Amino acid sequence: MKVGIVTVSDRASRGEYEDRGGPAIEEYLAEVLESPHSTAYRVISDEQALIESTLVELCDQEDCALIVTTGGTGPAIRDVTPEATIAVIDKEMPGFGELMRTVSLRAVPTAILSRQTAGIRGKALIVNLPGQPKAIAECLDAVFPAIPYCLELLGHAYPETECARWQAFRPKR
Amino acid sequence: MKVGIVTVSDRASRGEYEDRGGPAIEEYLAEVLESPHSTAYRVISDEQALIESTLVELCDQEDCALIVTTGGTGPAIRDVTPEATIAVIDKEMPGFGELMRTVSLRAVPTAILSRQTAGIRGKALIVNLPGQPKAIAECLDAVFPAIPYCLELLGHAYPETECARWQAFRPKR
Amino acid sequence: MKVGIVTVSDRASRGEYEDRGGPAIEEYLAEVLESPHSTAYRVISDEQALIESTLVELCDQEDCALIVTTGGTGPAIRDVTPEATIAVIDKEMPGFGELMRTVSLRAVPTAILSRQTAGIRGKALIVNLPGQPKAIAECLDAVFPAIPYCLELLGHAYPETECARWQAFRPKR
Numbered sequence: 530m531k532v533g534i535v536t537v538s539d540r541a542s543r544g545e546y547e548d549r550g551g552p553a554i555e556e557y558l559a560e561v562l563e564s565p566h567s568t569a570y571r572v573i574s575d576e577q578a579l580i581e582s583t584l585v586e587l588c589d590q591e592d593c594a595l596i597v598t599t600g601g602t603g604p605a606i607r608d609v610t611p612e613a614t615i616a617v618i619d620k621e622m623p624g625f626g627e628l629m630r631t632v633s634l635r636a637v638p639t640a641i642l643s644r645q646t647a648g649i650r651g652k653a654l655i656v657n658l659p660g661q662p663k664a665i666a667e668c669l670d671a672v673f674p675a676i677p678y679c680l681e682l683l684g685h686a687y688p689e690t691e692c693a694r695w696q697a698f699r700p701k702r
Numbered sequence: 530m531k532v533g534i535v536t537v538s539d540r541a542s543r544g545e546y547e548d549r550g551g552p553a554i555e556e557y558l559a560e561v562l563e564s565p566h567s568t569a570y571r572v573i574s575d576e577q578a579l580i581e582s583t584l585v586e587l588c589d590q591e592d593c594a595l596i597v598t599t600g601g602t603g604p605a606i607r608d609v610t611p612e613a614t615i616a617v618i619d620k621e622m623p624g625f626g627e628l629m630r631t632v633s634l635r636a637v638p639t640a641i642l643s644r645q646t647a648g649i650r651g652k653a654l655i656v657n658l659p660g661q662p663k664a665i666a667e668c669l670d671a672v673f674p675a676i677p678y679c680l681e682l683l684g685h686a687y688p689e690t691e692c693a694r695w696q697a698f699r700p701k702r
Numbered sequence: 530m531k532v533g534i535v536t537v538s539d540r541a542s543r544g545e546y547e548d549r550g551g552p553a554i555e556e557y558l559a560e561v562l563e564s565p566h567s568t569a570y571r572v573i574s575d576e577q578a579l580i581e582s583t584l585v586e587l588c589d590q591e592d593c594a595l596i597v598t599t600g601g602t603g604p605a606i607r608d609v610t611p612e613a614t615i616a617v618i619d620k621e622m623p624g625f626g627e628l629m630r631t632v633s634l635r636a637v638p639t640a641i642l643s644r645q646t647a648g649i650r651g652k653a654l655i656v657n658l659p660g661q662p663k664a665i666a667e668c669l670d671a672v673f674p675a676i677p678y679c680l681e682l683l684g685h686a687y688p689e690t691e692c693a694r695w696q697a698f699r700p701k702r
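Protein chains in written order, with the numbering used here: chain A, 530 to 702; chain B, 530 to 702; chain C, 530 to 702.
Please keep in mind that the hints were generated in silico from the structure rather than gathered at the bench. Please note: incorrect hints may appear among the correct ones.
Because identical chains cannot be distinguished in the list, a pair is counted as satisfied if it fits within a single copy or across any two copies.
As the list claims (entries may be wrong) - Lysine-lysine pairs mimicking DSBU-like chemistry, simulated, CA-CA at most 35 Å apart:
1) Lys663 - Lys701
2) Lys663 - Lys620
3) Lys531 - Lys620
4) Lys652 - Lys701
Just so it is clear, the structure is predicted and the values come from calculations on it, not from any experiment.
Let the hints inform the model, and build the full structure from the sequences given.
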């Protein structure tokens, strides 16, 4: 299984700022994913067209089963990751954003400013995460238990996971 | 009052699988609706154009006040019930899907994969339910207390309900 | 800082009904906003084109940093405030509507009928509130802790607030 990781940040893409979101996602995956997997990692600026073409490339050329973005989900003028995501997906999955905001709200009231969403393009699941490394693990803990079964429904082999904090759910047939 | 029930399932529509969602909805309505009502029941395949034309027929020709669908709300390629619903409604009602996912999440983490929504077409309320019979009652228990008042706001007679688990709410004028 | 307050109500705009939503918002702002502010107050009918042009004028001509609407968020045929809002914003902020519905659900099950949303137009934050004065304070208490930081992210001076029931949150840099 291949996983795409996309850090969306003007400053990180110019090297003015060390990307901490992408590595936080890579570490998380290394911790919880038992099945062998490779990652494709991109650091790009907050340009909607570039985010869209990066997501399309990771889905259509790189055959990623799962693509996780970090950054660009806030209200500021340069924050356009959700718009880019919605532009390239076939189906939106509103439950991911709802649950991540609900979980982040327990920590900070500004969680409602995060516009993150998720969706399906072809056989790939794309999930937006917030930019803060601390919020990344919190959000992944909330939604990851549903991801293996989602990938199976999309036609991929069921990825095995192991985590002390949660257990993936797979309905009995 | 007329209620439309639409089971969306390739296998059930081909007779390969007994529809259990539609009958579960019929039983639920028979249990809770005190006001006289009739039902129009359809079992159709997961074809977006067919789901749309069925919803339009039940609204515009059959004059259903309420239309409940079951099935086709997941992430798989053939799951297009929310898209068909959004295509035929005048107004989306995001609170229905949000609440149903919140309630289903207490049972299974994969509840976030359900993309169900609700909306208004003319004077009809259309509500998507998940496909699993167990989840159907759970979701209806969550949203039904708001349905009688919604139908009244849409210009229908207020339907009386009786249920041990919940009470419909009607604001005082 | 300038705040726009828009009451959307056919009856209030014709003078058949005293507007209580707009004054409830003004009182709320007077209570919690420590920074000096002025308000622009409009009472208009439930006409989508008029709601849109009023929101545009308050954003683009009046330079309001925050615009709060009340009314027109239900399922009835004349309720079109969310549609007018979505038509004029650059970015939708789904977390506002989700949280307000969650909070209102603790009081009444019909909270799921409220279709309110929020979004950004240029440098202005537009937030829909329900029509009931009681629900207005409840909803503002839920979302206001995130508003000062949101306005700062949009390029405004950070507005100081003081309230016994909540504290605004501003992440450390």
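Going through the earlier hints one by one, which of them does the structure break, listed in rising order? The structure conflicts with no hint, since it agrees with every one listed earlier.
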